[in-house]
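In order, the protein sequence lines correspond to chains A and B. Residue numbering for the first sequence follows my numbering, starting at 481 and increasing by one per position. Residue numbering for the second sequence follows my numbering, starting at 691 and increasing by one per position.
Fair warning: there could be bad hints in the mix.
[To be verified] Restricting the straight-line Cα-Cα distance to at most 25 Å, the calculated cross-link-like pairs of lysine-lysine (DSS-like) are:
no., chain 1, residue 1, chain 2, residue 2
1, A, 563, A, 576
2, B, 768, B, 748
3, A, 576, B, 747
4, B, 747, B, 759
5, B, 732, A, 576
6, A, 558, B, 732
7, A, 558, A, 522
8, B, 768, A, 576
9, A, 558, A, 537
10, B, 768, B, 747
11, A, 563, B, 768
12, B, 749, A, 563
13, B, 759, B, 732
Simulated from the structure, these hints should not be mistaken for laboratory data.
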Amino acid sequence: EPEVTQTPSHQVTQMGQEVILRCVPISNHLYFYWYRQILGQKVEFLVSFYNNEISEKSEIFDDQFSVERPDGSNFTLKIRSTKLEDSAMYFCASNKDGQNYGYTFGSGTRLTVV
Amino acid sequence: ILNVEQSPQSLHVQEGDSTNFTCSFPSSNFYALHWYRWETAKSPEALFVMTLNGDEKKKGRISATLNTKEGYSYLYIKGSQPEDSATYLCASMQGAQKLVFGQGTRLTINP
């Protein structure tokens, strides 16, 4: 069964450093997403991406965050200057049509900012 | 963001028993309701996407119902097995591209 692949599985970074979280969505999917879960809290939406542009973003997704699909297969989330409160599990997901199908999630990247 | 709530937060059930749990969501501007199963150290796995009031969906021993007028969905598991132990997440689609998740129901099946 096709999978969404995320790397790395764990990342520890110093506060203020830039991090890039990588995802390879399912090849025939058209919609891509980033979600995150801070420990003990709900899974929360960050951003959706379709047709090479952001289609929706949450208030969490400020200027420190950016997404890119650089080569038609990878989908990356960059955090420019990490803060302690960015520590969370970050999930990438993809979806065939954005509406009628469930999302396929990756297994996540645990980001720890120290 | 309009809240999605799930209850109970956790549940222990004897193997072979049936169980159910609830997701409540905003009924205004409803698009769709998703259910996911999330096993420890794995990724959330889609169970159902429901869109119409009165929808009932079934996958093996697991089924779900949807009431969009009053804003709730039930997930049922019949004859629980140890492999059903997981966290069950519901999420309401708010806007065309954004899922808002509940906090999940953590289900443990006791052998």
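Hints versus structure:
| no. | hint | result |
| --- | --- | --- |
| 1 | A:563 to A:576 | 33 Å, violated |
| 2 | B:768 to B:748 | 11 Å, holds |
| 3 | A:576 to B:747 | 20 Å, holds |
| 4 | B:747 to B:759 | 18 Å, holds |
| 5 | B:732 to A:576 | 21 Å, holds |
| 6 | A:558 to B:732 | 23 Å, holds |
| 7 | A:558 to A:522 | 22 Å, holds |
| 8 | B:768 to A:576 | 30 Å, violated |
| 9 | A:558 to A:537 | 14 Å, holds |
| 10 | B:768 to B:747 | 14 Å, holds |
| 11 | A:563 to B:768 | 45 Å, violated |
| 12 | B:749 to A:563 | 42 Å, violated |
| 13 | B:759 to B:732 | 34 Å, violated |
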